[in-house]
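> Here is what each chain is made of, one letter per residue.
Protein chains: 2
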Amino acid sequence: MSRFEIEHATDEEIAQEAALYAPFTEAVRALVDATIRTEVDADEIRSAQAEVEAIVERLRKQQMEGAYGVRFRADGKRGRNWGNAVMGLRNPIAPPLDVRSDGQGKAWSDFHLGAAYEGPPGLVHGGVVSLMLDQVLGHAVSTSGRPGMTGTLTIVYRQGTPLGDLRCEAWVDRREGIKTWGKGRILTTDGEVTAEAEGVFILPKWARDLDRFRAAAEATESAFELE
Amino acid sequence: MSRFEIEHATDEEIAQEAALYAPFTEAVRALVDATIRTEVDADEIRSAQAEVEAIVERLRKQQMEGAYGVRFRADGKRGRNWGNAVMGLRNPIAPPLDVRSDGQGKAWSDFHLGAAYEGPPGLVHGGVVSLMLDQVLGHAVSTSGRPGMTGTLTIVYRQGTPLGDLRCEAWVDRREGIKTWGKGRILTTDGEVTAEAEGVFILPKWARDLDRFRAAAEATESAFELE
Numbered sequence: 001m002s003r004f005e006i007e008h009a010t011d012e013e014i015a016q017e018a019a020l021y022a023p024f025t026e027a028v029r030a031l032v033d034a035t036i037r038t039e040v041d042a043d044e045i046r047s048a049q050a051e052v053e054a055i056v057e058r059l060r061k062q063q064m065e066g067a068y069g070v071r072f073r074a075d076g077k078r079g080r081n082w083g084n085a086v087m088g089l090r091n092p093i094a095p096p097l098d099v100r101s102d103g104q105g106k107a108w109s110d111f112h113l114g115a116a117y118e119g120p121p122g123l124v125h126g127g128v129v130s131l132m133l134d135q136v137l138g139h140a141v142s143t144s145g146r147p148g149m150t151g152t153l154t155i156v157y158r159q160g161t162p163l164g165d166l167r168c169e170a171w172v173d174r175r176e177g178i179k180t181w182g183k184g185r186i187l188t189t190d191g192e193v194t195a196e197a198e199g200v201f202i203l204p205k206w207a208r209d210l211d212r213f214r215a216a217a218e219a220t221e222s223a224f225e226l227e
Numbered sequence: 001m002s003r004f005e006i007e008h009a010t011d012e013e014i015a016q017e018a019a020l021y022a023p024f025t026e027a028v029r030a031l032v033d034a035t036i037r038t039e040v041d042a043d044e045i046r047s048a049q050a051e052v053e054a055i056v057e058r059l060r061k062q063q064m065e066g067a068y069g070v071r072f073r074a075d076g077k078r079g080r081n082w083g084n085a086v087m088g089l090r091n092p093i094a095p096p097l098d099v100r101s102d103g104q105g106k107a108w109s110d111f112h113l114g115a116a117y118e119g120p121p122g123l124v125h126g127g128v129v130s131l132m133l134d135q136v137l138g139h140a141v142s143t144s145g146r147p148g149m150t151g152t153l154t155i156v157y158r159q160g161t162p163l164g165d166l167r168c169e170a171w172v173d174r175r176e177g178i179k180t181w182g183k184g185r186i187l188t189t190d191g192e193v194t195a196e197a198e199g200v201f202i203l204p205k206w207a208r209d210l211d212r213f214r215a216a217a218e219a220t221e222s223a224f225e226l227e
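These protein sequence lines are chains U and V, in that order. Oh and the first sequence: position 112 is 112 in our numbering, straight run, nothing missing. Oh and the second sequence: position 16 is 16 in our numbering, straight run, nothing missing.
This is chain U alone, in the form it adopts within the complex (with noise of 0.2 Å):
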């Protein structure tokens, strides 16, 4: 189910396709909330759920085999991850997280946790503060020029973070060889911190390679220059 593809769409297209996508994702995502909260009668959800499956077998009549992947661009922008847990434009299940960064490994966002992503009663799950908490770190060091796989992630829970508006925060702390670690937090609308994390991040091998080949291409280069 590994997709890494080459992004071929033009940026007008993916526009085109951002404007299809993203409402019907978001007309998903209400009906997730309303799968939770309903209290209509018997026949009322028997029928919503005749009428749900009859969709999926249309939509299902031409689909992708396995999961979404991400795209990569040639011209080195920010790849297209649409199908992200987390920031997924065509992902219900993501809130979707809007993050934002300083291209100085600084990264936030501010979003909203409803129904869907509860654990003790009115509150966030754990295991959801630490899921946004990854995301929002793991931008920050990517972003940051370095990209990172997660390593090490810690979440310490302050108190519980309650259902509603949130702001996650994250920053780069610090970086040795092939590492970079990454701190963060999440805050209610008040300012108050609920959770704090740091993760360690480990620069992919790939990345490493790229890193060894430029090396060598420089070295060729001002061996060049030399002569």
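Hints are computed from structural coordinates only; laboratory data are not their basis. Incorrect hints may have been included.
Which copy? The list can't say, so a pair holds if one copy fits it or any two copies do.
Stated by the list, open to error - Straight line, CA to CA, 35 Å or less: simulated DSBU-like cross-link-like pairs of lysine-lysine:
hint, residue 1, residue 2
1, K179, K205
2, K183, K61
3, K106, K183
Starting from the known structure of chain U, arrange chain V on it as the hints suggest.
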């Protein structure tokens, strides 16, 4: 949105509700998957969107305020957490996990993660890995006889976790005062460990008060016995 409620339904009523809501929620889970993977044309997407919006409108005609919460049982049996982000029978975001335990501090679950849980191409999102571990560790701790809120959770990622069939195992490692240490791991069907976890779970204040109340009651009883 905090909903600590006492369960009023009988076992038979709960079974009837489960028979109604489980297949409906399953249909919405399939729709979540199809929303990510469909490749039907734009008109079909737009008509599916309109139909989903109409279903949502009908379901919302009568719905609970806020999130589902947890319905606790007066008889001490496990409460109904049908809205839970990982285990919830009525939550389309939940795979859902059916977590088993031996009541002695071991818990485990076999489950399937499809396209909706993707992070890197073909792999489970690192934060989803921590979400599953948080739930199963918490389950091991709480079914061992001492409820616990997650205090700290550390995940060590050994390798990418492939989308598909997976197993999560957790166990109570040790106890000290109000703290319980839980450990756990995620495995592929080949038995390869992809991630490991350690968590510290804190006995909530209400349970400590209950402990003190019990101790006081026992002391009072012994005092009466002595008289």
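> If you test the structure against every hint from before, which numbers come out violated?
Per hint list: single violation, 2.
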